[in-house]
Amino acid sequence: MRRESGKDPDLPAVGRVLSGDREGFAGLVRKYENRIFSLGLRFFRNRDDACDFAQEVFVKVFERLGSFRGESLFSTWLMKVAYYHGISLCRSRREAASLPEGIEIPDTREGPQRLYARKAAGEALKGALGLLPERYRICIDLYFSFGMRYDDIAQATDIPVGTVKSHVFRAKQALREALKNSAAEDCGYGM
Amino acid sequence: MECEEIMERFLELDNGEGLPGEIAGHLETCPRCAAQVAAFARFTESCAAYADFAPQRDIAAGVMARIARAGEEDSPWESDLPLSMVNWIGSGLVLLVGMLLIPFSGMLQQLVRDMPSLGIALPIALGLIIAIYAALFTGSHIETLSRFLRLR
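Protein chains in written order, with our numbering: chain A, 15 to 205; chain B, 403 to 554.
Rather than coming from a laboratory, the hints here were simulated on the basis of the structure.
Computed from a predicted model, the values in this text were never measured in an experiment.
Hints may be right or wrong, so weigh each one.
[Claimed, not checked] Simulated restraints, written as ranges between beta carbons of each label pair:
| no. | chain 1 | residue 1 | chain 2 | residue 2 | range |
| --- | --- | --- | --- | --- | --- |
| 1 | A | Arg83 | B | Ile534 | 46 to 56 Å |
| 2 | B | Leu497 | A | Ile101 | 46 to 56 Å |
| 3 | A | Gln187 | B | Gly541 | 55 to 65 Å |
| 4 | A | Gly38 | B | Gln458 | 19 to 29 Å |
| 5 | B | Glu424 | A | Pro26 | 36 to 46 Å |
| 6 | A | Ser102 | B | Leu421 | 37 to 47 Å |
| 7 | B | Glu424 | A | Lys74 | 22 to 32 Å |
| 8 | A | Leu25 | B | Ala533 | 18 to 28 Å |
| 9 | B | Leu421 | A | Asp66 | 39 to 49 Å |
| 10 | A | Asp63 | B | Ile532 | 31 to 41 Å |
| 11 | A | Lys74 | B | Gly541 | 44 to 54 Å |
| 12 | B | Gly541 | A | Leu79 | 18 to 28 Å |
| 13 | B | Ala527 | A | Lys74 | 29 to 39 Å |
Glycine is no exception: its CB is placed at the ideal position from the N, C-alpha and C atoms.
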């Protein structure tokens with residue numbers, strides 16, 4: 015599926031880098047470093063390795079930028095390079111990918127009840143992830159954490175879009191069950 | 403039953419997809435479903451934080467340093483070649499002019515009269531020289547050429 019090039023906000027920057035503006039690549043790195051670093055945390059669960067991973071991914075992306083044809087968004091292509099690099103590193107290190115453990119995300123907007131509900135939902139999400147074969151867990155993570163669309167996940171992981179949809183749907187159903195309590199409190203109904 | 407159908411349809415929606423009118427209309431009249439959708443939205447919003455961890459190192463600086471190092475090590479075609487692009491083109495032009503002037507050489511005309519087969523062999527040999535030169539030039543500037551063609 016080819017997207018219109020005008021819809022990819024990164025295409026002008028990519029074009030500049032390809033025409034020789036190496037320093038322009040730093041802008042792309044800064045834009046996506048948190049994303050790739052966060053993906054690295056899934057694979058390695060420690061910040062140093064995730065940093066090394068992110069650097070390697072961006073160097074790889076720079077080297078392969080000439081092969082980027084704009085058939086997907088640059089961000090999707092970047093995630094694909096990162097995902098496969100992470101998978102290959104994990105295979106060599108025999109580590110599994112999952113949501114990062116032991117990393118708390120402080121959110122001051124949430125009260126204790128909401129925090130509890132979110133924690134429960136997070137547990138439910140991990141439970142849903144645990145039910146899936148390892149290869150498909152990334153679909154859920156990319157959908158919920160990285161906000162990627164079904165098509166983009168399919169392109170980044172080479173998993174058929176129907177499979178992505180069905181796994182995300184099942185995870186959503188599990189989440190719905192887990193979130194029912196907090197929703198009931200919000201509307202004053204039992205569920 | 404209607405609530406279940408509406409929630410099923412809601413769960414099928416993709417990221418960034420707007421609520422269809424039918425679902426939006428139902429949520430306005432059903433506080434229970436509206437609360438579930440709101441709880442879901444809050445959860446997915448909080449999930450985004452899982453993709454936004456900040457690295458403690460300056461990734462961009464590290465990447466640019468590695469790219470610069472790799473550029474120095476891996477670009478012998480650009481930095482270490484004895485002939486630059488200008489020299490390649492200059493040498494090629496001299497070669498071409500030399501070939502074009504060959505037919506005007508009195509010695510060559512004498513040789514062709516003595517050995518008629520030279521009249522056939524010489525253009526073939528010159529053609530081969532041009533082909534080899536062009537192949538060497540293209541091969542040693544393949545990256546520059548592909549970048550040029552892509553930009554067009």
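Handout entry: Assessment of proposed distance window 39 to 49 Å (beta carbons of Leu421 (chain B), Asp66 (chain A))
Key = 42 Å, holds
Practice task
Indicate whether the distance between the beta carbons of Glu424 (chain B) and Pro26 (chain A) respects the range 36 to 46 Å.
Solution key: Since the Cβ atoms of Glu424 (chain B) and Pro26 (chain A) sit about 39 Å apart, the hinted range of 36 to 46 Å holds.
Handout entry: Consistency of beta-carbon spacing, Lys74 (chain A) to Ala527 (chain B), with hint 29 to 39 Å
Key = 46 Å, violated
Problem - Verdict for Asp63 (chain A), Ile532 (chain B) (Cβ pair) under range 31 to 41 Å - result: Since Asp63 (chain A) and Ile532 (chain B) have Cβ atoms about 54 Å apart, the given range 31 to 41 Å is violated.
Practice task
For the range 18 to 28 Å, tell me whether the beta carbons of Leu25 (chain A) and Ala533 (chain B) fit it or not.
Solution key: 38 Å Cβ-Cβ, so the 18 to 28 Å window is violated.
Practice task
Evaluate the given range 22 to 32 Å for the C-beta pair formed by Glu424 (chain B) and Lys74 (chain A).
Solution key: 45 Å, violated
Practice task
Look at the Cβ atoms of Lys74 (chain A) and Gly541 (chain B) and judge whether their distance stays inside 44 to 54 Å.
Solution key: 25 Å, violated
Handout entry: Status of the given 18 to 28 Å range, CB of Leu79 (chain A) versus CB of Gly541 (chain B)
Key = 22 Å, holds
Practice task
Note whether the CB distance of Gly38 (chain A) and Gln458 (chain B) lies within 19 to 29 Å or breaks it.
Solution key: Distance hint for Gly38 (chain A), Gln458 (chain B) holds at roughly 25 Å.
Exercise for the section: State, for the Cβ atoms of Gln187 (chain A) and Gly541 (chain B), whether the hinted interval 55 to 65 Å holds or is violated. Expected result: Taking Cβ atoms as reference, Gln187 (chain A) and Gly541 (chain B) lie about 58 Å apart, which means the hint holds.
Exercise for the section: Indicate whether the distance between the beta carbons of Ser102 (chain A) and Leu421 (chain B) respects the range 37 to 47 Å. Expected result: Taking Cβ atoms as reference, Ser102 (chain A) and Leu421 (chain B) lie about 40 Å apart, which means the hint holds.
Exercise for the section: Confirm or reject the claim that Leu497 (chain B) and Ile101 (chain A) have a C-beta distance inside 46 to 56 Å. Expected result: 51 Å, holds
In summary, the structure is inconsistent with hints 1, 7, 8, 10, 11 and 13 from the numbered list given earlier, while agreeing with the others.
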